[in-house]
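Just need the whole structure built from these sequences, with the hints factored in.
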Amino acid sequence: MERLIHQIPRFFSAGHLALLAEAMGTTLALTFIGCATGFLLAFGIVFLRQTPGLWALPLRLLGIAYVEIFRRIPFLVVIYLVLFFIQAFVSDASLFTIAVVAICIYATAYTAEIIRGGFESVARQQIEAAAAMNFSRWQTLTNVVVPQAWPVILPPAAAFAVGFIKDTALVSQVGVFELTFRGKELNNEGFSGILVFGTIALLYFAMSYPLSRWGRWLEKRLASPRSPKPRQRLRPA
Amino acid sequence: MLIGLTLNAGAYLTEIMRAGFISVRRTEMEAAEALGMSLLQQIRFVIVPHIAKTIYPALANFFVVILVMGTSVGAVVGVNELTGTAIDISTENYRWIEMFVVVAGIYVVLTFIASVSLALFGRWAFRVRARVF
Chain A
1 MERLIHQIPR FFSAGHLALL AEAMGTTLAL TFIGCATGFL LAFGIVFLRQ
51 TPGLWALPLR LLGIAYVEIF RRIPFLVVIY LVLFFIQAFV SDASLFTIAV
101 VAICIYATAY TAEIIRGGFE SVARQQIEAA AAMNFSRWQT LTNVVVPQAW
151 PVILPPAAAF AVGFIKDTAL VSQVGVFELT FRGKELNNEG FSGILVFGTI
201 ALLYFAMSYP LSRWGRWLEK RLASPRSPKP RQRLRPA
Chain B
1 MLIGLTLNAG AYLTEIMRAG FISVRRTEME AAEALGMSLL QQIRFVIVPH
51 IAKTIYPALA NFFVVILVMG TSVGAVVGVN ELTGTAIDIS TENYRWIEMF
101 VVVAGIYVVL TFIASVSLAL FGRWAFRVRA RVF
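In the order they appear, the protein sequences are chains A and B. Count the first sequence with our numbering and you get residues 1 to 237, in order. Count the second sequence with our numbering and you get residues 1 to 133, in order.
These are calculated hints, taken from the structure and not from any lab test. All values derive from a computational prediction rather than experimental measurement. Careful, some of the hints might be misleading.
[As the list claims (entries may be wrong)] Some chain B residues near chain A, calculated using beta-carbon distances under 7 Å:
| hint | residue |
| --- | --- |
| 1 | Val65 |
| 2 | Val68 |
| 3 | Ser72 |
| 4 | Thr83 |
| 5 | Asn93 |
| 6 | Trp96 |
| 7 | Ile97 |
| 8 | Phe100 |
| 9 | Ala104 |
| 10 | Tyr107 |
| 11 | Val108 |
| 12 | Ile113 |
C-beta atoms are modelled at their ideal positions from N, C-alpha and C, and glycine is treated no differently.
Next comes the structure, spelled out in structure tokens:
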């Protein structure tokens, strides 16, 4: 404990703070690039999964298999798989790219489920009505389904992205210079683990708390009159 | 590792439980009171069945998520579970891709068994209409 207090001024030097700030930037960049790309790909997966007709059966099965398999594999295993698959073909791929690809694959599987839930919340009859009015599939999607599914999809997708900030910590295993990796480095330099990882934990909290508040605000803002109201408290607190 | 997992799960489970408690409607409690139930009886016959039914899907889902996400993180601090053992073995023989494909397959099978059996159990015990897919 005494050693810990003794280390505090040395730990919070300008150099270390700049290092940690840069690492925070990397963590946020990983999350946002990965989740944004994953979100777009997930739209494609859901589109495949909802193609009607017998000829599209393999496409539908592909979509289902992708989502079900990657939702069931731990993120750590996905990271290692991506790392070694990519290194087998491209020997000089940067670790950041590998991490982004892994996050992308993982986020695609999870957000595909969220998007599917949103699409399914649109009443069947509306899609049938659109078909009766000779809308093409793409027109039905952009003019009927997405405008209504949007408020259902966005809040859980935002929650997923915010929750994923924490999961990017696992990427430090393959040596990307993000927050947890810097924490390990500083710990190896001889700073007390409690001090280093306590600071890291606080920084993660500082990143995700404002974003989760923003997500909650978004949910309230986008709530349609039909969506379930937040339940009343049993007893007024 | 176990302590860390317990702390983390505790936080998430509290949130799930809270949702369950909030979902018990005021009128339900009032009805129970009108029937002359004591507090213990209210808990036993009104709150617990209601909560069990509402939070069961969330609990089952959380269990599977922990099975997948939570335990594999143990590899980082050196617990010899599935992922950790895979890393150990493949650092010896350098067959990373084969090893991790196999491990991924094992995880898929494990979580598949877990989620199917939990869904079936939920149908049997709490009449939860859970979908396997």
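A quick look at each hint next to the structure:
no.	hint	verdict
1	Val65	violated, 9 Å
2	Val68	holds, 5 Å
3	Ser72	holds, 4 Å
4	Thr83	holds, 5 Å
5	Asn93	violated, 13 Å
6	Trp96	holds, 4 Å
7	Ile97	holds, 5 Å
8	Phe100	holds, 5 Å
9	Ala104	holds, 5 Å
10	Tyr107	holds, 5 Å
11	Val108	holds, 5 Å
12	Ile113	violated, 11 Å
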